[in-house]
Every structure is written in C-alpha cells, then in structure tokens.
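There are 2 protein chains.
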Amino acid sequence: MHSLHPLFFPSSVAIIGASSDPERIGGRPLRFLVEAGFAGALYPVNRSGAAEIQGLPAFASLADVPGPVDHVIVAVPVPGVEAALQDCARKAVKVVQIFTAGFAEADAAGAELQARLVRICREAGMRMVGPNALGLLNPSAKFYATFSTALNGLRPKPGVIGMATQSGAFGSAAYGMATLRGIGLSRVIATGNEADVDVAECIDYLADDADTRVICAALEACKDGARLRAALRKAAAAGKPLVIMKIGRTEVGAAAAATHTGSLAGNDAIYDAVFAECGAHRAASIEEMLDIAHLCAVTGQLPANERIGIMTGSGGIGILMADDASDLGMVLPPLATESAEALRELLPFAVPANPYDTTAQVTSVPDGVARVLDAMLLPGSPFGTLFAYLAHVGLSPSRFAATERRMIDIRAAHPDRPLVLVMLSEQGVTERLEAAGVAVFADPSRAVRAIAGAARMARLRRGMRSGIAAASGSQPLPPASTEAEAKALLGAAGIPVLPEQTCTSAESAARAAHGMGYPVVAKIVSADIPHKTEVGGVLVDLPDASAVSAAYRTLMSRAAERAPQARIDGVLIAPMVRGGVETIIGIHMDPVFGPMVMFGLGGTAVELFKDVAFASAPLTAAHAMSLIDAVRSSALLKGWRGGPAYDTQALADALSRLSEFAVRHADQLAGIDINPFVVNLQGAVCLDALISMRQAPANPSPREHT
Amino acid sequence: MHSLHPLFFPSSVAIIGASSDPERIGGRPLRFLVEAGFAGALYPVNRSGAAEIQGLPAFASLADVPGPVDHVIVAVPVPGVEAALQDCARKAVKVVQIFTAGFAEADAAGAELQARLVRICREAGMRMVGPNALGLLNPSAKFYATFSTALNGLRPKPGVIGMATQSGAFGSAAYGMATLRGIGLSRVIATGNEADVDVAECIDYLADDADTRVICAALEACKDGARLRAALRKAAAAGKPLVIMKIGRTEVGAAAAATHTGSLAGNDAIYDAVFAECGAHRAASIEEMLDIAHLCAVTGQLPANERIGIMTGSGGIGILMADDASDLGMVLPPLATESAEALRELLPFAVPANPYDTTAQVTSVPDGVARVLDAMLLPGSPFGTLFAYLAHVGLSPSRFAATERRMIDIRAAHPDRPLVLVMLSEQGVTERLEAAGVAVFADPSRAVRAIAGAARMARLRRGMRSGIAAASGSQPLPPASTEAEAKALLGAAGIPVLPEQTCTSAESAARAAHGMGYPVVAKIVSADIPHKTEVGGVLVDLPDASAVSAAYRTLMSRAAERAPQARIDGVLIAPMVRGGVETIIGIHMDPVFGPMVMFGLGGTAVELFKDVAFASAPLTAAHAMSLIDAVRSSALLKGWRGGPAYDTQALADALSRLSEFAVRHADQLAGIDINPFVVNLQGAVCLDALISMRQAPANPSPREHT
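These protein sequence lines are chains A and B, in that order.
Residue numbering for the first sequence follows numbering that gives the first Met the number 0, starting at 0 and increasing by one per position.
Residue numbering for the second sequence follows numbering that gives the first Met the number 0, starting at 0 and increasing by one per position.
FYI, nobody ran anything at the bench for these hints, they're computed from the structure.
Honestly, I wouldn't trust all of these hints.
Identical chains blur together in the list; that is why a pair holds if it fits in one copy or across any two.
Unchecked claim - Here are the computed lysine to aspartate or glutamate pairs in the EDC-like style, where the Cα-Cα straight-line distance is at most 16 Å: (1) K637 to D326; (2) K637 to E606; (3) K141 to E22; (4) K245 to D323; (5) K233 to E34; (6) K245 to D322; (7) K609 to D326; (8) K609 to D210; (9) K141 to E122; (10) K156 to D210.
Could you put together the complete structure from these sequences and hints?
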C-alpha cells in the first residue's frame, strides 16, 4: 500500500488544536468533516481540557485518545508543533498534516524547526504534509480535511480527477472552479512547504490510485527533479493523462548564468522540456487545465492521433475551428472516399470536405446529424477525434432527445475515437452525454484547444524515451580554461574539432599553417580573455606564411596592450572554414534537473525569437534529431527555399556526444557553449568552445533553487 | 435618423410567406414575435389566402394590408422573392429582410437575381438585409425577427452590447453564449449575403445607437474596405469599444501574389493592420470577444493605460496573473510611495510590492481587503486598472456582504479606474457588483486577458491617425519593367537610390564606374529577367576598369547563353555598398483595402517567423516609425547588443514616400518590392527594386475577393 494512502483513507483522525470556534483554523476542518458526514472516528484534541468540542468528545492530549489514530491534523501555534509531532510519533500515527505556518517560508529559525520536524517523522516512520499546508480532500470518503474557506461556499463531489498542488490557495481556486462546473474530484492535496511529501510524490500516489483516472498538478518550484521526472513518467506509464501548471517564470539563479546557454535557459524553458519529455501537458491557465482534464475524464482516453474531422452546421464556425486546430498543430485530412460517397448521397448540396458543412439541408433529412457522423466514421476514416458543431440544440432537450441517444450510440460504436459536441445545452443534456463518454463544449475554440492539448500529450507519450539516467557522473576532468583546452576535451569526446595548434612563436605559427593549408585563422589563447573579439584577438583569412607571422605579432602586441594583465598561452592557428550553417550547441547545468542540452541556430533568432530548444542529457542521436526539429530555424538546415540539405546527422551525433560528455562530468561542469558549431553539407565542426567549471568543490546532491 | 433604424424599431411588420407551421422558416419569426409580446402591428402574408395564421389575421398579399408597413420579412421560395420585393416597393416599405437563400451564394443565376433585388430596393429607396439572412433582434422592443432555432431554447435580454455578424449561425453562437452567461444585448443582426446592408453599415448604425455602448462584430469577408474603415473609426470616435472577429485565414488570391510582399501579406495580416489602425480589437475566439465586450459593458470605459495593480491573497495566483499580464504587454509598476507606507502600517508582514500579496494576515484585520485596495489607490497610484484576487468569498454572500458594499464604494470613488474582482461567486453577488460597475471574473487568466484587450484597444485609439485618404490616385506612371526603370521612378519619388547607370558597351561601363569610384557592382538589365541571380546576372566587388569591362562581357554572354530569348537593355553599373542592415520594404495592393505598406528585415526572420508588419498607405514618417517598431527584428537597427543605432529616420522617410507614391499610382500598381533596402548609420538606400503593374486596364473600383 502506498505510504500516502492513510492521508486520504484514515479510519481515525485527530485534530490537535481543535477549536470550538468553527471559523478558526483548528475549528474549520472539524466543522467540514462533521457537516459532510465523515464516517471515521474523529478526535478533537485541545490542551484546554474541554470535554466537548463542536459536539464531539474532546481530549486534552493525543495520548488520551483511545485506540489507534491514523491521521493527525496539527493546528496549534508554531511553538507547540514540535511537541504535537512527538505526541504523534509516540501514538504511532501514520500520517500528519501540519496546517501551522511560520517555518521555512518565514525565516531561518523556522527552517531549523522544520528540519527538526522532518527528523521526528523520519525516526517514527510517519509521513508529513506541510508545514504551512492547507489540507486535503477525498470526496468519495467524505473526508474534507482542510481549513480552506472554499468549503464554506462549496463542497467538491467525487470524481476521477486527482489534484496535487504546492500552494493551497492555488489548489482551492482550481477545485473551486472545477466544482462550480460540476466536475468531480477523486483526491485533492496541497503540499505547502513540502518538508516531506511533495507534489511529485502525490503524483506518484495518484498514478497508483484506482479512483484517479486523470491528474492535475501545479508547482511553484521543484526541489527534486529526479523525483518529479519519475512521478510524471509513472503517470504516463499508468495511462493517466496529466496536466500540469508551473507558476512563475523567474530566471535561474546566478550559478546557472555562467554560460550563454545558461542565460538562454531561464527555468521556464527547462520545465517545458522536462514536462514534454515526461509526457505531461503544461497548461497556461487554470481553465485550460480543467478543460483538458475534464475532457480526458469524460472520454476516458487520449486521442490516438492529431487528425480531426469537423462536422458543422455553420461554415463560419467550421473555419474558426479549423484555423484554431491548425494553429495548435492538429491536422484536418480529407474525408475517406467511402465517407465522401455516402455523404454525397445523403446531402447532395453539401461539399464533402473537412470541415464538412452540412448546410441547412441536414435539417430536412430525418436523423441527419447522426447519419452524417456515421458516414464520417465509415471504415477508412482517418480521424482520431470527431467534432460536431450543433449550435444550440442542447437547449431544447425534447427536440434533441432522439439525436442525443444517437450520439451516445455512435460514441459506443467508436470507443477508440473521442466524439466532441460543440453546442449550447442544458445541464441535464450535458450530464447524460458526458456520462456516456461524449464530450460537450460551449465555446468552439476551447473545444479545439482541449483536444489539441490531449492529442499533444498522446504524441509526447508515444515519443517518450526510457528513463533519463541520473546525471551524477563525476569522472575527473582536466582543466579547460582556454578555447584550445576546451576543444581538445570535446575532440576527445568525439565532437568534431579542427586540426589546430597553439603556437608560441611567429615561426611555429607559420609552420603550423603550412601543414594545414591556407587560408588559416589566428586567435589569441588565454584563460584570462574569454571574449577574444573584444580585444581584437581573432584574425581570419590569412593567405600565406608571411600573413601568419604578421598576425602572430599583431595578436601578441594587441593582447599586451589591451589586456596587459592576461597570461597568454600563445596563438591558435586553425584552418579557415567557409560556408556551412552556424549553430549554437551547449549544456546548461540545471540545479534541479541536471545537464540539459541546448540547440539553436546562429544569427539572431536565438535572441530575438527565443528559437532554442532544450532536452535532458543524455540524448541519443535519434532524440537529438527531435531536438533539432523543435527549433523553427532548423528549416534553414533542411533544403531551405531550394537550397542544399546540411548534415543534420553529424549535428545530431555531436549533440548526443556532448550530452554524454556532460553526464560523465556532471559534478564538475557549470556549463558548455559551442558557438559556432558549423554544420556543413558533409560533416560539422566546432569552431569555438567554452567549458565553464564549478567554482565550489563538487557538490554531490543537486542544489536547491528557490 | 439612421436609415437602418426601422430595421430595429418598426411600428408595423409584415411577414411575406408567413406559415401556420411554427417550425418553418416563415412560421418561426411569427411565433417568436408573438411569444415575446412584440407591441407593434404584425401582418402575416400568405398567398394561400388563409384568413388567420398562428392566431393573427392574415392577408393574401402585402397590398391588402391596411395602413403603412415599415419592415417586411420575406420568407418565400426563390422564385417569389422578386415579386415580393416589388410589392414592398409599391407599399413604400422602409426596410426588408430577405430570409430566402439561393442567391449569389449559390450560383450565377442567383447572383443575377440578387442584383435585380438590389436595383428594386435602390429605386424604391428601401434598405435590404440579405438575402440569405438569419434575422435580427432588438430585445428592448421585444422584437425577435429571426428564424434562428436558437430562440427555441433561449431569449436574449436587453443590454448594452450590439452585435453585427455576416453569418447568422456565427451570430447565434455568439448571442447564445452571451445569453447563457446573463449578458444582455441591445441589437443583434446577421447580414447574410450583404447585397445592400453590410456589417460595416451595421457598425455605423450601432455607433449612433444610444442604447448600444459596446459593439461586437464578425466578418467572413469584406467587400468595401473604405466603408469598414469608416465604420470602425466612427465607433472609436463615439467612444464605443469594438471587438471584432475575422473568420477564415485564407491567402489572398493570385492577383495579389504578383510580388513577394503580396505573398507575405495573406489577408489575415492585412485585416490585423486595418483593425488596429481603426482602434478595434480583434478577438481570437467567441469567448474572448464576449469577455472583453462584457468587461467594457460593466465598467463603461476602457482602461486609461496599460499599468495594472494586483492585490492577491495567493502568491501563486498573483504570479500567474503577473506573468499573463506581461505576456500581453501590460505593465506592473511598483506601488506609489504613499501606498507602500500605508500598507506597511496596515499589514506589517506583507511585502509592499506589486502583485501585493496580503498574506493570511489580511483576514485578521477588520475590513482588510477594502483597506488594502484603498491604500493601493492613494494619490500617486500609477494603476490604470486594479485587480483583486478574492478566492471564493463570493460563494458565501452573507460573509461577503460588508466587503461587497465596500467594493462598490471603492469603485464609485475611483470612476476613472476599472476594478476587477477575480473570485468565485454566486450569480446574485456578481450581478450586484456588475450593476455597480465592478467587473467579476472566475478565471484569473481570462480576467487579465480581457483587461489587456481593452487596454490595447485604448492604446490603439490614442495612437489612431486621422482618416486614411481614399487611395484612388491614378496619376500616369511610365513603364517600370526593369530594375533600372523602377529605381528611376522611386528615386524621383524621393526614395534614396544609388547613382547608377545602364551601359551598353564595355567601354561605357568602365567610364561609368570610373565616375562613381571603385568598387562597383554590375547587373544585367532586362525586363525578361526578373530574377537576375538565377542566370548569374550579378557580379559584385569589381575593383577596377578592366574588371568592369570583363564583367560587362561576362554578363552579356551569360545572358545570351542562359536567357537567349530575353531582350537585353544593357548592364547596370552601381557603386558597391558595404555594411548597413538589409531591410525589405514594399507595397501590397490589397483588393479590398488598397495600398498597404510592408516592412521587415532582411534575412530569414520574415519567412521563418513572419516578422513583418503592414500599415495602410499613405503613412507619415511618424507612423512609419510605429510600423518599424512593430517588427521584432527592428531591435537590430536600434543598438542591438551594444552595436550602433542605424538611421531609422531615413528608413521611416522612405516608407512614407513609398506609401505616397503607391497612393498616387494606386490604379496602375500591382505591387512593389524593394529588397534589399539598406539602412546605414547615416542614410539608407534602395539596392534592388521591382515594380509590378496591373495587367488589365486600370480598374476604378476595388475588386472583390471571396
């Protein structure tokens, strides 16, 4: 049994700090549980020694409670929490929720106290939610163990959507909106400070929980990337749709900004990448999250593909939906031949296209709407999802009754394909249809957006790679403070670099150039000059030996003049590369998620349009190809406007090797920039590289970022 | 009085083709009018000669109706429509709605018949809606003159939002959704085939109509751009918010694709530009349209600026709203000093920032929420709009009553600033607040999106230029089939071009080059070779006279070999330009909206990211500067990453002059591409140009596109 099970299914519950005032933090949960008719044992505990609290026999201490207690709610002021937890440990309580605030979120003393609470729980084998938690709900067990004032105005009903949020207020907003829409919930939990139980572990629980068929989650920050990844993957493996929100798009801290790649990352892009890799759909708003979750709950499935068919009685609405769909990456294939023939016979005046505009003729054909849908779903039908725009028929239930039954039959006959009705309808009509697995939306654009989100999730899950290996590699890495050292290391890791040479005299520079063939490039080499062009430290297109010797002298004198403090290793001589497409590849060492591979094209698209993509390391060459495809500018590599196709395979290989290198040395790296990495018609090559190492001694555990 | 007034306020109405069957097209409007209790005279007309139809005295022909008839609904089959309209003309009817379909939308014969209907109306001075119209509504007059089955399930109530749509089905969807949300409507009209009355004219009417304070509109295609522009501007001048949808993003027809500019236009970008110039907000979904319209109806105003303040009881929701707001171009300035001080005193534990997170402390302060809002609105407050996230308090009306009254007082004390409450609430609470001008939203993201749309509309209206002159210029234009001719014309129009020369011998080429100074560029000149590089027709960086002579011979022999049929005018010699930023400027001759100026940067941003912007011609240099600013890549012109600032003033001047040139020659032009137009540190210059002329004789009226 999952260790969080007693959180939701306790047979006995005590509230330490229970209050007779039903408006106080210690009074509200008791009131909600009594009002709802929770069937388990309920023990109010208050050291005041009152004999009765809110009509229930009360106890002065937990120890006085007869028999075992599964679940304890602690709602006493900060100074009493530690003692309360010790009481729980002595009573062999299984799970504790701490509602009290004023711990790690408040100050250092609070953080210290919170750490002591964790120790007490660990030693006693108890699980703890909070501190600073708002509570949890299990409507099927009438267990409303929260002090949220939301319960003053509404009571969530049982359903199949489970919800885990860090912020209780955010969770209340989400389940409040769900409840007002008539959407039921299996479990709801707010994790607060996450000293022990975090959102990831709740997702893990919900993935196991038989009553939960769809999962909603919301994070403000994640401390344990590996645990989150594993939980998301578990939900995907369990076939449970998962819609997640990540609130706050603050930039990553200074530690991560050691490289250009790091500064491009921002943690938002990293969360996007991790969610996508783990088959979760990130929603931009609470409403979008609920739309997708409810759609999945009603249909019980994700669409098998991104192909949709649209039947409509309004040309305009059909076009609106088609435009929305293609904006969201959905596809509208033509009708199958058999369908087109059947429709031509059924409604001769309508054009058998997709969207299929029935014209007003459909109303003059008995059972017209249903027969159109039947035809659109004939064998050979390409649609993963079928939409029917039915205007306002659901507002006239008696006129709609026959069609309603036929919609339910069609759904039953095509269990593999979500059927989505877009119409205005009375609540009763909607409920009957949804109970039979037929989704109903009022707004056409929201219907399309919800299906697009679900279909995207299905696609992500189909393409999901098996687990990302923990990136704890700590293979020793020699220093790489200069471009030459960095390239040598990357070359050794299998990333193509040029045959270049660091020279310490004008003569040796000319000799090196002679061996490579002209023209060549000369660059100053110094760990103290990371940005060579700023001191005029790069000279290109040198045609002969005398130009090379002159370049050597120019660079050395410029360095002496413009960076007098810099220790100079010499001048790098390398073959001049022409042509090809400049790309940027890099590694961002994320403090939560470990090494992330970055890819973008050279030029300004990266900065102006944020046209970059990230993926967790390590990456196979095949997955690197998907990373390349995720960047819009990659079109320039693939035969742009009749131009040539560049060697994306060489690029993918390099990305894969770079990712493996990053994993091997995860503990020592701060980040890597390879800019430019030039992709040629055949092959690809690194022209400049910067490896940034961690300043502090290697830190074996991922750092927290808050 | 507006000529459309009798459409909505008839004192007497006849229905030609009235039916006893309340489910038929001729029966439904009669039923709806009777059921609703329309107070005017109602005359069913049916040539069957029935004495009574649906309980009302009926007439065999319109002529038999005693007394005048203002408004006639025609619902007879196609063959009877013309005669019915002649009856109306004889009866001196003011307005006619034709519900019958099967005209221009069906076939050529239908189009011809429709043209005859228009003639009858014009001659009789009657106004006509349709044919193929679904009807119109004026809820305040209980006038439901439609055959839409939407009225079977709902009846729109009076309100201040007027709605004009081309498609009746689209309109039904929109007013149906509005009605289910409790949103009232002043007028609703569907224009169908728009043989006479179009959406633009309805907007014009709604701009005058005293009951209408907010306008919603939806178009599928516009035939008269000038009329639409004028109507949108009139709504803006009347201070009535206008939210519009344009359905269908098909590309413009072949006529417009004569130039690269034309192919980039697509009519979607053109509609975007026109709507924005005329101060209308384009909505992407029906829900967004209703959200913004309802917000404006409730608050009775547009926000004065894009600065918002957010009060929140949930840190997470505050961050979500702040992120949404900045995505949509809104700004969150810090609290005024006075506000921050007051809040520090009121809630010492909360940080006086924006969003202002009250923390749970606010609940322990009497009247806390209202006092926080008071403090945020102290003198010096920078906020154009104030949001308050109040969770679910509106679901407990008695607990909320005191705060509710305070919210209404605060709104009254700050009539210049919309106050938006984001909370779950009972319908009664919402209605009381909204009646007092306080907006209420359940979903935080939708609240922010609605305010952002309204604030954007206000900004567009503040920046609106005075009317666009009708672009009917037909000043004669000499031929411009070659680059040289095109540049000569543009140069004469004040657009900077290089001092270049078309030469017809190697010697004259060398002489010309000598006069310009080296290096120079040589290009083949032929009206038959529009794409010179494809035949190797351009040679650059020619350093001296012998290179120029050789280039002349090379180009002539390449042309002879690779384009043997081409008539060659000679070789163009021009100074070689280095440096600067390449831009693309052009003119798209839109068949509906006339000449539109296009701007984008060279490189791939135009194609990959559609990073271009359009504006109606003519354009002052100041408005050209806004056009430049609307393109994201323009950052490269303005000191990108510490680089130099280029001469955007010279660019703006060129755009303005090009726009005036296009207006002067609107009748003859098909389009203009200037690519590249190089912007230097000082000045700018056209390096290549293509002027495309209309093939057919100049057409004085804008062509239709469908």
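Evaluated hints:
1. Within a single copy, K637 and D326 get their C-alpha atoms no closer than 22 Å, and across copies no closer than 32 Å, so neither meets the 16 Å cut-off.
2. For the homomeric pair K637 and E606, the shortest alpha-carbon distance between copies (15 Å) is at most 16 Å, but the shortest distance inside one copy (22 Å) is not.
3. Within a single copy, K141 and E22 get their C-alpha atoms no closer than 20 Å, and across copies no closer than 49 Å, so neither meets the 16 Å cut-off.
4. Within a single copy, K245 and D323 get their C-alpha atoms only as close as 24 Å, which misses the 16 Å cut-off; across copies the closest is 13 Å, which meets it.
5. Taking the shortest Cα distances, K233 and E34 never come within 16 Å of each other, neither inside one copy (36 Å) nor across copies (58 Å).
6. Within a single copy, K245 and D322 get their C-alpha atoms only as close as 28 Å, which misses the 16 Å cut-off; across copies the closest is 11 Å, which meets it.
7. For a Cα distance limit of 16 Å, the shortest separation of K609 from D326 across copies, 14 Å, qualifies, whereas the shortest one inside one copy, 19 Å, does not.
8. In this assembly of identical chains, the alpha carbons of K609 and D210 never lie at most 16 Å apart, being 41 Å within a copy and 47 Å across copies at closest.
9. For the identical chains of this complex, K141 and E122 are neighbours neither inside a copy (31 Å) nor across copies (74 Å), given an alpha-carbon limit of 16 Å.
10. Within a single copy, K156 and D210 get their C-alpha atoms as close as 13 Å, which meets the 16 Å cut-off; across copies the closest is 43 Å, which misses it.
The structure fails hints 1, 3, 5, 8, 9 (numbered hints given earlier, in ascending order).
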